[in-house]
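Participant: The chain contents come next:
Number of protein chains: 2
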Amino acid sequence: MDAVSRIERTLSTSLDRVDSTAGPPRLAAAMRHAVFPRGARIRPRLCLAVAAACGEDDPAAADGAAAAIEFMHCASLVHDDLPCFDNADTRRGRLSVHRAFGEPLAVLAGDALIVLSFQTIAWGAARSPSRLMPLVLHLAAATGMPFGIAAGQAWESEPTIDMGQYQRAKTGALFAAATVLGAAAAGSEAATWRELGERLGEAYQVADDIADVLSGKDELGKPTGQDAAHGRPNAALVLGVDGAMRHLTQLAEAAVAAIPDCPGAAALKSLTLSEARRLLPKDMALRAA
Amino acid sequence: MDAVSRIERTLSTSLDRVDSTAGPPRLAAAMRHAVFPRGARIRPRLCLAVAAACGEDDPAAADGAAAAIEFMHCASLVHDDLPCFDNADTRRGRLSVHRAFGEPLAVLAGDALIVLSFQTIAWGAARSPSRLMPLVLHLAAATGMPFGIAAGQAWESEPTIDMGQYQRAKTGALFAAATVLGAAAAGSEAATWRELGERLGEAYQVADDIADVLSGKDELGKPTGQDAAHGRPNAALVLGVDGAMRHLTQLAEAAVAAIPDCPGAAALKSLTLSEARRLLPKDMALRAA
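Chains as they are written, first to last, in the working numbering: chain A, 1 to 289; chain B, 1 to 289.
One chain only, chain A, in its complex shape:
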């Protein structure tokens, strides 16, 4: 079964397990709305790729870790879209959760998805219970205080913002968790896998910055976008689009160099480079020419 099918199956199975007819049906619907239809699933695919490279001996543990990361990512999007943060009306081309179900159920859907994330990682580890401790602790570290995604989002509410901590926590933490949890799910030493995730998280941020700048180009005729409009830091504004593309290539090469010795290192290196190319906007080659 390919990685995306495994991820979708695990997400569905976990949601089904907590969707009892005796529970509140609109909360269940709001949670599904947050998770399906799927986005790129880039973090859980990375998690499964690392588990495979480590010689995955318990696919259910890796599936649980991958789905847990995606549930956490979806929870963060639901809360980030709330009126008190981005006040986003749409997400992935349709209504955001708070616009479709109201603000109370959006808050609760995020909460329940955070809980489901821990539940899913525990269910996945049923045959490898000794791996649960590192799995829970790495998942929590990527999510909470002081360096997880909640901490990353909180920097926007501080009087002075530490930009490095902000980006490492808001974007990098779940990428690092993807590689670290993939290794932990396979029973491998997890710490050596952090750098790969961190470099890919940085590459993802730079690709996002490039896309933001190019998205503004069409309408305004100059290299700007939402980040310029809101005074947010953007690598493509600082380095230019060509400079940002070179930086992204360097980050992808650094990611490849950071892959530890493992049974599937060669395949993972090849996959890492092709994924880095996928990060670019689809018409990047044309526009950057």
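It is worth saying that the hints were derived from the structure and are not from the lab. Using N, Cα and C, we set each Cβ at its ideal position, and we do this for glycine too. Keep in mind that a hint or two might mislead.
[Said to hold, decoys possible] Partial selection, computed: residues in chain A whose CB lies under 7 Å from chain B:
1) H79
2) A122
3) W155
[What the hints assert, rightly or not] Here chain B is said to cover these stretches of chain A; the calculated rule only asks that three of the stretch's residues, wherever they fall, bring their Cβ under 8 Å from a Cβ of chain B:
4) 14-22
5) 81-87
6) 100-109
7) 124-137
Using the hints, position chain B against chain A.
Facilitator: This is chain B only, laid out in the frame that chain A set:
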């Protein structure tokens, strides 16, 4: 060390572990504001009492479970106080988290406390890692879908409300978790401990109903309160204050009868009865005379 001191120490230690100078300081302050100064700590005290009755062989595991329950309770209060739910200005005699720190940090403080709850239960189980699986799964079940506190709160957003499920989930779930997790932390069979927690959760709800009715008596001269004003179900409105008191006594007796055979059963029975009396408003004897 007495139970309350153990609970306060574990809550403080956990918060200290995630409060790095490199993290966002206002989120850390919002989390502490939600947890201190302490409320009655009734759920973690119940958890420690059950662990002791089971012949607690790993106090750190019990401490972790008790603190995890209290973090989850505090997280739910922070989110329930948000403008989109109760819009409460105060909590425990001072500003609610969203009034003191703003809505974004209140959402994130709740999220980060949910994460810290799982982290704390994992830290506590360091010397008994085989107990982590049931601890995580029972904690998640008490918190998420379909029967946990998030599900309970979500019933308020459903077009038709299942009152039984609503109260069992919103109030009962964390009481049942307190007894179940106390037993699981001590390495005992957890399922037999659920009924004690459920009966005490019902008793707590009835005591709350009595307090609500009596709170209205002073000002209006008739047995009413916030529940009557908002059309919420209230046992003391249905049964009268004297009838509700008799019901509370029956629930306390049912709780005592539900205590499984264990090394500390006698002491726990005595504690359960004295705790049930503490549930009543301080001037209950006088007013009900």
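Participant: Quick check: which numbered hints come out false for this structure?
Facilitator: none
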